[in-house]
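Sequence order for the protein chains is A and B. So the first sequence is numbered by the numbering used here: it starts at 103 and just counts up by one. So the second sequence is numbered by the numbering used here: it starts at 103 and just counts up by one.
Certain hints may be false.
It does not matter which identical chain is meant; a pair holds if it fits inside one copy or across any two.
[Claimed, not checked] Computed list of lysine to aspartate or glutamate pairs in DMTMM-like fashion (alpha-carbon distance at most 20 Å, straight line):
#	residue 1	residue 2
1	Lys-709	Glu-724
2	Lys-268	Glu-286
3	Lys-676	Asp-697
4	Lys-623	Asp-332
5	Lys-268	Glu-148
6	Lys-352	Glu-706
Derived from the structure by calculation, the hints contain no laboratory data.
Chain residues, written in single-letter form:
There are 2 protein chains.
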Amino acid sequence: MEEGTVQYYEAKGQAVPEPPPPGDQPRPWSETTVIGKPLPRVDGYERVSGAAVYPSDIILPHMLYGAILRCPHPHARVKSLDIGKARGMPGVHGIISGFTRGANPDWVYASFAKVEAPSKIFDPHCRFEGESVAAVAAESPYQAWDAARAIRVSYEVLPHVVDELKALDSRAPRVHDQGNRVGEPQKYERGDLAGGFSEADKVLEMTFHTACELHTPMELHGCVASWEGDRLTLWESTQGVYSVQSGVAKVLGLPLSKVRVIGSYMGGGFGSKLFVDKYAVIAALLARATARPVKLFLTREETYLATGNRPPSHMKLKAGVKKDGALTALDFSCLGTGGAYPADGTSLVDWLIRDLYTCPNVRSEMTDVYINAGPARPMRAPGHPQGAWALEQMMDALADAIQMDPVELRLKNIPAASQARAGNPLYTSTGLRQCLEEGARAFGWKEARERIRTGESRGHIRRGVGVAAGLWFVGGGGPPSTIIVKLFADGSVNLNMGASDIGTGTKTVMAMVVSEELGIKPELIQIENADSGTTQYATPSGGSKTIPTESPAVRAAAIEVKRQLLEMASAELKVESSQLVLKGGVISARNDPSDGVRIHDLKELGKRGVIVGVGYRGPNLEGKVVNPFAAQFCEVEVNTLTGETRILRFLGAHDSGRVMNRLTYDSQVIGGITMGIGLAMTEERVMDRGGTGKLVNRSWHDYKIPTSVDVPAEMVSVPIDPGDTEANTTGAKGLGEPVTIPTAAAVANAVHHATGVRVTRTPMSPVRLCALLAGNRKEG
Amino acid sequence: MEEGTVQYYEAKGQAVPEPPPPGDQPRPWSETTVIGKPLPRVDGYERVSGAAVYPSDIILPHMLYGAILRCPHPHARVKSLDIGKARGMPGVHGIISGFTRGANPDWVYASFAKVEAPSKIFDPHCRFEGESVAAVAAESPYQAWDAARAIRVSYEVLPHVVDELKALDSRAPRVHDQGNRVGEPQKYERGDLAGGFSEADKVLEMTFHTACELHTPMELHGCVASWEGDRLTLWESTQGVYSVQSGVAKVLGLPLSKVRVIGSYMGGGFGSKLFVDKYAVIAALLARATARPVKLFLTREETYLATGNRPPSHMKLKAGVKKDGALTALDFSCLGTGGAYPADGTSLVDWLIRDLYTCPNVRSEMTDVYINAGPARPMRAPGHPQGAWALEQMMDALADAIQMDPVELRLKNIPAASQARAGNPLYTSTGLRQCLEEGARAFGWKEARERIRTGESRGHIRRGVGVAAGLWFVGGGGPPSTIIVKLFADGSVNLNMGASDIGTGTKTVMAMVVSEELGIKPELIQIENADSGTTQYATPSGGSKTIPTESPAVRAAAIEVKRQLLEMASAELKVESSQLVLKGGVISARNDPSDGVRIHDLKELGKRGVIVGVGYRGPNLEGKVVNPFAAQFCEVEVNTLTGETRILRFLGAHDSGRVMNRLTYDSQVIGGITMGIGLAMTEERVMDRGGTGKLVNRSWHDYKIPTSVDVPAEMVSVPIDPGDTEANTTGAKGLGEPVTIPTAAAVANAVHHATGVRVTRTPMSPVRLCALLAGNRKEG
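Chain A with its partners taken away, still in its complex shape (with noise of 0.2 Å):
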């Protein structure tokens, strides 16, 4: 780590509901020594090394392997089940499915779908190709799946719908008894419509389509299972083990103080590991019927099948401006699917539209349609890049309908005040003018622009910027969050923690809080895996909540144990506890650091063995909204005849509140980007619509994700921190989500600024662009 100061501000916006600490503490972090610092994962050895556990590395004694016999078909249904030949082969130990003996075809898997639709662990009415109809626990994995292979299902094949656009079609077979519309549309309406659109001196419109994109996050989805008497323990990859604890619970009718999970490491989620999901109540009860644990991970293939995507959307946004670069009104609608369920195939799609910008009129209506496809999940930001490609796409094209730079076109239309909209509740602070501003100077936006105009592009190949912004909400966290921190005799810490660190570095960031309150190293402090039996309940890791949740009940809990150390060297040097300080792992009087004692030198510290601090997460301000803002710039470089895009550079400016630590923060930003680049790029979930209604791309082979060779060696973070002192304790707001929503309109926006062609569907694939070069045309 660096050595230094970080100049800071103090953040004290959430309640911090323990008595004030004596002495000098809290210690305001006005300026930190080691939050904001580079600091490396303190668990990067074990991830680098091999070392770490994952739950897919887990082997229990006599444990058996599970595999799901899943339909092979988009809509269908089971008449009969022949399990005679599966159940002799060899190394078979149990087979379950709705038809078994003694299983209880009734078992709901509703934890995550809308009640309109619940779903049955074996469900007869297999509505999506990959439904689960059986599964099987044999000595390994290959017994398991060749016996699932010879289980005999007859299968009444029904009609089925792909295609969202055509599910309302009134010949349309049904997913659903009740029709494939999922409830009424959802309308939201500000002002007036009309006489916005009247007021404005341009209005566009146009029609933007994104494809439905897989999460596929490296580690599998899976679990292992194990009963110890009438207890369930899972091993399971998945960002809240609380959330699969409920789910596994509710679905068997377990008390929730019987089902205990286990996260260990894990290997990315982006969403996906958010929920229970069926594989796990599926391991349950092959272990329960087979009296042994029974681990049971998912092909690519099965979790491209089942285990959720981001929802294709396809919307339509109409937009009026007056000359000055004044919004006037937007009118969007959007048609989403969420699959066969669980119907959220429009999730938060007009986020941005509603509130990014301070456009007094504003219509919005969302319809959501059931088709015959796997299950949408959310996915990192559910619905903010979808609307971000609509909205901030029209924005660019806007700015060059009144002949406006596109960076102050967007200015001018960014809440004045700290709101976005009247009536609405105040931000707590709004960093998206300096993200615009500062992002824009430190990537030479003007600069670049007018190298591009006087002609650095030229020929077949064609430069362009773009710039595209974004926000993001519950950026102060929230409760319930409870953290423990034991203080060893020895000075070392334990921090005992329920959110799991799905990846992102939460582990290091709780351990740097310890370390600034504490003066302990961070490789003196150890952080248990997240646990239902025995660490802290916590929220899902997800929503970029999970640092603005937890930290400040990890500042809570070290401030606790601060408070009794002082205490309890003060009985030790006769010293009141309010004149020591706490420094370097040595407490000494304020007048006086030559004459300490170290933590580990306390004899009653030595005699206790330990101190323990609990800290809570209060209630945050009231009547204040806390939201992280971003944009993002890039340059491409286009060749026109092969229809080729180069991302040559991207810049992210993000004001997610504190940086905690600036190294994980900029991976975060590179990595949200990259995402954003495999939505713009490659990323399309295909399926068979015209024909079979099966899904195309199975593999990492045909499902593209970005490499190292499709993202550019260039990408910078400028953090913006507008100081926030009312988020919550410790001033973050949250990074994960809003570093990757603007980022596929901004690389539209620039190909269209090298082109002259507007891409409105992903991904843009070079024969897309290539035909939209080919006829010049905007795309419909």
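Add chain B to chain A, keeping to what the hints say.
Then chain B, alone, in the frame of chain A:
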């Protein structure tokens, strides 16, 4: 569980540092509905069915098995070590020893050894048979053992002494350079000893000997060690996860936070698993050397050689008594040995002599010596059964001498006030009188003696009855202890406790405490296994202090949960929380029980997911001593021709304060008496004193512990509860050790009553008894 209410008192001795809860909380324990009932163990099914996972059940991926090569000589020096052949044997991955390159030959295993005699992990100076010389890790335990045997060690065999009575001879070989005497003898004196004896009407002097016993718990000693980066995890069969943590950290120079010890289920320890043993450090070193997890479980033979024993005692006791039964003087001396280490050969042996009776003039002197034998460890009531063997037989002899009933003699000498002797702190409660009186009444003491006196006992089958008393200390428990109770939204509970349930039913009692306070069924309460990483700090489970230490903290945590729960319900029901009552999972207004809300219907709890209650162990009352007391009675039948003794019945009357669970309470009484019968009748570690110096009995075949045919079918428990309101907030004083203290002496007294022969040396084998009966002489 039975229905109804146990009439009880309110205990309040230990401060509960939590704020006073609202409403009817804490409900006084003047009557209880759960506590005191005979609840079967909450983990009984797991233990009996085989579902419970013990450390020896742990299998980790890529795990190797360890084996230790142990010195075959009682005293030798390792000159050199050739691992050439062993290294090349099948499956061998690593070999470590004091000679291993890169190994630190100076690792000192000093955590339990007194400083004057530290031992290195692989000490080239082997001071007892079974000392660790080298260790191997291999693919299977058999390969590891084979390879260990293939290591060629060149020993310089040194002269040995294994007879503690010869250790102080000037010509005896020295175990340690400084000689065989462990420091200065421990001395104690009060009053005027010579004056006391001169006042006496009768003075007796006798010698007593107890053999060295082995703990021999059902579950063998061992652990699984695994490194994850710089953090070591040990799954260990231990009484104290934090004790092993600190021991291993100290030897290996690791921060405490980097050593995690997981306790799992536990199959007995009796004191031999209170502290870290070398094998745990060796397993950690093997795992580090091979970069693989290593499982290292000892054989029964190894545990007999190296993991502890109850030191043998050679005691002399001179006692004076007046005709009226008043003791006037006690002069006691004892020689013991802790083997080559750790010099605790006489620990607590004179405790009873000093404190059980109010004798004004007492002297004791205890001499501890080193011999070339395995180390002593605390064993169920360290020192006390030995002291009782001497004192309680002497009381019997004195009663004979003054022709007084032995029960009456004891009653004459027990503290009249709640105080053993002038100047000592008061007891919080003293049930010794009731133990003797109510025990004698329930046993039918007078009737039995009359029955025997009047000729029931005749021919070569002789009957006799015996009594003995005892006390124990630390009955109030003590800090530190922290407990966390999590109440989940469905009304089930998770209890996080760092104390191990070593087979005594700790978990069941803690579940009852939570159940008593929250009205939640014990089967909905899950208690985590001790884990130094994720459960709260606790001292080792031992010293009969687990329940007095932990149960008040559990109670405080449950009360805090209830306080928060009622506050939550208050807001929801719009009723002052002081007016709310929690009963059977329903919270209702005190004056309207019909209109309540069930815990799992509370909206705020559903939203928050959990209520967290933290309970601490506050300090005990100052200036008071909390002691359990005991009196046991038995009837025997001796075949004077064969020397065989049948124990016909036993009764234990115990003042251990509040009876928390009548079922596990009685089980402890039965278990303690069984172990005491082992001391009395069969158990003896036999060394080849005259020859090789090696251990003779190395298995359960040759080391005899009592079986079901050796204990009486009739074992009666008579709980004596003096209603101790000062011990702590639950009123329990600890039971595990008091129940085995008087047993052996009671048997010896009964044998004397039956035969007129006083057996002063354990074990009372038929051969020994025959010899004594033949000579009808006192044993010296």
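Comparing the hints with the structure gives:
1. Lys-709 <-> Glu-724: Answer is between: at 18 Å across copies they meet the 20 Å cutoff, but 44 Å inside does not.
2. Lys-268 <-> Glu-286: within (18 Å within a copy, 96 Å between copies)
3. Lys-676 <-> Asp-697: within (12 Å within a copy, 56 Å between copies)
4. Lys-623 <-> Asp-332: Intra 42 Å, inter 14 Å, cutoff 20 Å: inter-copy only.
5. Lys-268 <-> Glu-148: Cα proximity of Lys-268 and Glu-148: none, with 49 Å in one copy and 55 Å across.
6. Lys-352 <-> Glu-706: This pair counts as between: shortest inter-copy Cα distance 18 Å, intra-copy 46 Å.
Hint compliance for this structure: hint 5 is the single one not met.
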